[in-house]
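Using the hints provided, position chain R relative to the given structure of chain L.
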Amino acid sequence: MLKKVVPLIETVDLQKSYFSGDLETPVLHGIDFVIQEGEFVSIMGPSGSGKSTLMHILGFLDTPTSGSYLFRGEKTRVLEDDALARIRATRVSFVFQAFNLLPRTTVLENVILPLLYHPTIPASEREERAMKAIAEVGLTERTTYLTNQLSGGQQQRVAIARALVTEPDIIFADEPTGNLDSASGLQVMNVLQELHDHQGSTIVLVTHEKATAEYAARIIQLLDGRISSDSRDFKRKDAKTNTDLK
Amino acid sequence: MLLNDTIGSAASALRAHKMRSALTMLGVIIGVGSVVLMVSVGKSFQRYILDQIASFSSNLVEVYPTGFEKFGGSTDSLTEDDFRAVEKLTTVQTVAPVIFITEKTTYGSEELSPWVFGTTKNFFANYGLKLQAGRLLDDRDNSAASSVAVISSQTAEDLFGNRDPLGQRIQVGKKFYTVVGVLQSIGSPVLQDMDTPVYVPYSTARAVTGQKYLSYMTLRAVGDYELTVADITSLLRQRHSIHNPENDKDKDDFVARSAEQATEIVGQVTLGLTAFMGLIAGISLLVGGIGIMNIMLVSVTERTKEIGLRKAVGARRSDILRQFLFEAVFLTSLGGVIGILLGTALGLFLSAVAAKLLGSFTFVLSVKALFAAMMMAMGTGLVFGLYPAKKAASLSPMEAIRWD
Numbered sequence: 000m001l002k003k004v005v006p007l008i009e010t011v012d013l014q015k016s017y018f019s020g021d022l023e024t025p026v027l028h029g030i031d032f033v034i035q036e037g038e039f040v041s042i043m044g045p046s047g048s049g050k051s052t053l054m055h056i057l058g059f060l061d062t063p064t065s066g067s068y069l070f071r072g073e074k075t076r077v078l079e080d081d082a083l084a085r086i087r088a089t090r091v092s093f094v095f096q097a098f099n100l101l102p103r104t105t106v107l108e109n110v111i112l113p114l115l116y117h118p119t120i121p122a123s124e125r126e127e128r129a130m131k132a133i134a135e136v137g138l139t140e141r142t143t144y145l146t147n148q149l150s151g152g153q154q155q156r157v158a159i160a161r162a163l164v165t166e167p168d169i170i171f172a173d174e175p176t177g178n179l180d181s182a183s184g185l186q187v188m189n190v191l192q193e194l195h196d197h198q199g200s201t202i203v204l205v206t207h208e209k210a211t212a213e214y215a216a217r218i219i220q221l222l223d224g225r226i227s228s229d230s231r232d233f234k235r236k237d238a239k240t241n242t243d244l245k
Numbered sequence: 000m001l002l003n004d005t006i007g008s009a010a011s012a013l014r015a016h017k018m019r020s021a022l023t024m025l026g027v028i029i030g031v032g033s034v035v036l037m038v039s040v041g042k043s044f045q046r047y048i049l050d051q052i053a054s055f056s057s058n059l060v061e062v063y064p065t066g067f068e069k070f071g072g073s074t075d076s077l078t079e080d081d082f083r084a085v086e087k088l089t090t091v092q093t094v095a096p097v098i099f100i101t102e103k104t105t106y107g108s109e110e111l112s113p114w115v116f117g118t119t120k121n122f123f124a125n126y127g128l129k130l131q132a133g134r135l136l137d138d139r140d141n142s143a144a145s146s147v148a149v150i151s152s153q154t155a156e157d158l159f160g161n162r163d164p165l166g167q168r169i170q171v172g173k174k175f176y177t178v179v180g181v182l183q184s185i186g187s188p189v190l191q192d193m194d195t196p197v198y199v200p201y202s203t204a205r206a207v208t209g210q211k212y213l214s215y216m217t218l219r220a221v222g223d224y225e226l227t228v229a230d231i232t233s234l235l236r237q238r239h240s241i242h243n244p245e246n247d248k249d250k251d252d253f254v255a256r257s258a259e260q261a262t263e264i265v266g267q268v269t270l271g272l273t274a275f276m277g278l279i280a281g282i283s284l285l286v287g288g289i290g291i292m293n294i295m296l297v298s299v300t301e302r303t304k305e306i307g308l309r310k311a312v313g314a315r316r317s318d319i320l321r322q323f324l325f326e327a328v329f330l331t332s333l334g335g336v337i338g339i340l341l342g343t344a345l346g347l348f349l350s351a352v353a354a355k356l357l358g359s360f361t362f363v364l365s366v367k368a369l370f371a372a373m374m375m376a377m378g379t380g381l382v383f384g385l386y387p388a389k390k391a392a393s394l395s396p397m398e399a400i401r402w403d
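Heads up: the protein sequence lines correspond to chains L and R, in order.
If you use numbering that gives the first Met the number 0, the first sequence closes out at 245, no skipped numbers anywhere.
If you use numbering that gives the first Met the number 0, the second sequence closes out at 403, no skipped numbers anywhere.
No lab work stands behind these hints, which were simulated from the structure alone.
One thing to keep in mind: the hints can contain errors.
Unchecked claim - Taking lysine-lysine pairs in the DSS-like style, the calculated list, with each CA pair at most 30 angstroms apart, reads:
1. K131(L) - K239(L)
2. K129(R) - K209(L)
3. K129(R) - K367(R)
4. K304(R) - K131(L)
5. K103(R) - K174(R)
6. K209(L) - K239(L)
These numbers were taken from a predicted model, which means no experiment stands behind them.
With the rest of the complex left out, here is chain L (with noise of 0.2 angstroms):
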């Protein structure tokens, strides 16, 4: 008999709305879907379809008005403030569109930033831990470097250096190539399929290109805050042979 998978993430009639007022909006529409450890998951939609929203709660960013969500199996929603800061400290990590770095900070520094938070990882492997993830996202040369003398595509590979230091359970990428131009963003991807190919990293990219998300080996595609289709059926793209990223 086959050992039942406990996985990653699993959403149960996942619903969330906005009040201002007495005015409800509401964004998710109940969200059911299963994301296995080591996936490479596309979330896709046009803006307005709450694909933010969705990752904003699967990131511990945000709950959910109801419904429930079950990390590594456990329910989550009734998690204190502190707790949270917990979780997002040791099992998630996050690549924004703007690259969110520190201004006029080096390298070293903002990849070291997160094990600050990190309640087990003693101050003594810091530095050891960074200089291997700047290593995977091929840095090595720019420690240093403060982080506003970096072109866009190394600032991005810094903040993805900045979200494997914890060796987190999942990277969220909110458009990571949303601000650069093609090469740079064929770069990224091709990091993103590296750590996904290599180390195993679950990754969950959230963006509003289909030819983006189909790097990805898995696309739920999201409308409405309703998932419209949830696919492994097309050809995935490889960033290193690939040029036609826009």
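Below, chain R without anything else, positioned relative to chain L:
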């Protein structure tokens, strides 16, 4: 998050915004600097004035009617017999009676209103007044009630300019006096009034004014002035038939007091002045504090993204709160130290200038004021940093990240 990391994060944030950090500190630097400067300058002046008074007033005792300093008090209580009795006390060295002539002093077309003392030679010894030219009043002047005058340096200059005053005849009221002596200047800018009086023989003043009572008397104590004051007090109470075993000053019709006691009053006045200046400087520190809050609030808005990012990578509310609070307290403490250094340096500079102008001037650094200013600076950071820090800590990470 470890304390070290809080300090590190705060330090790197401050380093990344040097201009803003410097501007934030400026208010505190000015505030603390002015508190230190004001209080120190006030204290230094107080010390200077007290030193000046002490230089001529050690074991000097003055006895005057209560009406001299209190409205409704007796003005006619000290008689010539009282004076002679005081003179015989073993604790009294040299005593001089004084009767004031309250009339204008003129020479030609020049008219002045200096104090005119009718007194004896002891007066000059008691106050340490020295002669510049001519002679002092002597016993013969008094026994003969002669029409001679000794004038102070400022009055000599005002009446005669560059001419030699000796032998000239000045007029006080209707009577003419021959100038026989000119005094040296005291040389103290605080006590300039002491360079203006005109002195005539006591007996002459008595005859001119018709006064039976003394305006006051001045004497040097033998040894400790407290004993002398006690002797005089019991002698005069006995002579004036004042039964006052409870030592109630209000019952007496005279006051015997050492000049050192008078300096305590001066001390209190200048202390009040120092406190007032300190208060004004303290207000500037408060303004500095509000400046900090202002800049920190702007900084929270400006750093919304950074705060959001820190939260996204796992910072708790308390981590953000501590970092921002630490930044504020660090800035105000550093500002406090710089302010103390600048305030002290400026105080030393002003003292050096004052020393050039006044002859001698000692800079008194108020350690209490330093300590208080430093505490106030740190308190300012804590109080005015708290609200912006709370605001930063309560930002939602999502809104913070989305913010552009």
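Hint check: K304(R) vs K131(L), CA-CA at most 30 angstroms. Holds or violated? holds, 26 angstroms
With a cut-off of 30 angstroms on the C-alpha distance, tell me whether K131(L) and K239(L) pass. holds, 22 angstroms
Distance restraint between K209(L) and K239(L), which requires alpha-carbon spacing of 30 angstroms or less: holds, 18 angstroms
Within 30 angstroms, alpha carbon to alpha carbon, are K129(R) and K209(L)? With a Cα-Cα distance of about 106 angstroms, the restraint between K129(R) and K209(L) is violated, given a limit of 30 angstroms.
With a cut-off of 30 angstroms on the C-alpha distance, tell me whether K129(R) and K367(R) pass. violated, 40 angstroms
Given pair status - K174(R), K103(R), alpha carbons within 30 angstroms: Holds, at roughly 11 angstroms.
Violation of the numbered hints given earlier is confined to hints 2, 3; the remaining hints are satisfied by the structure.
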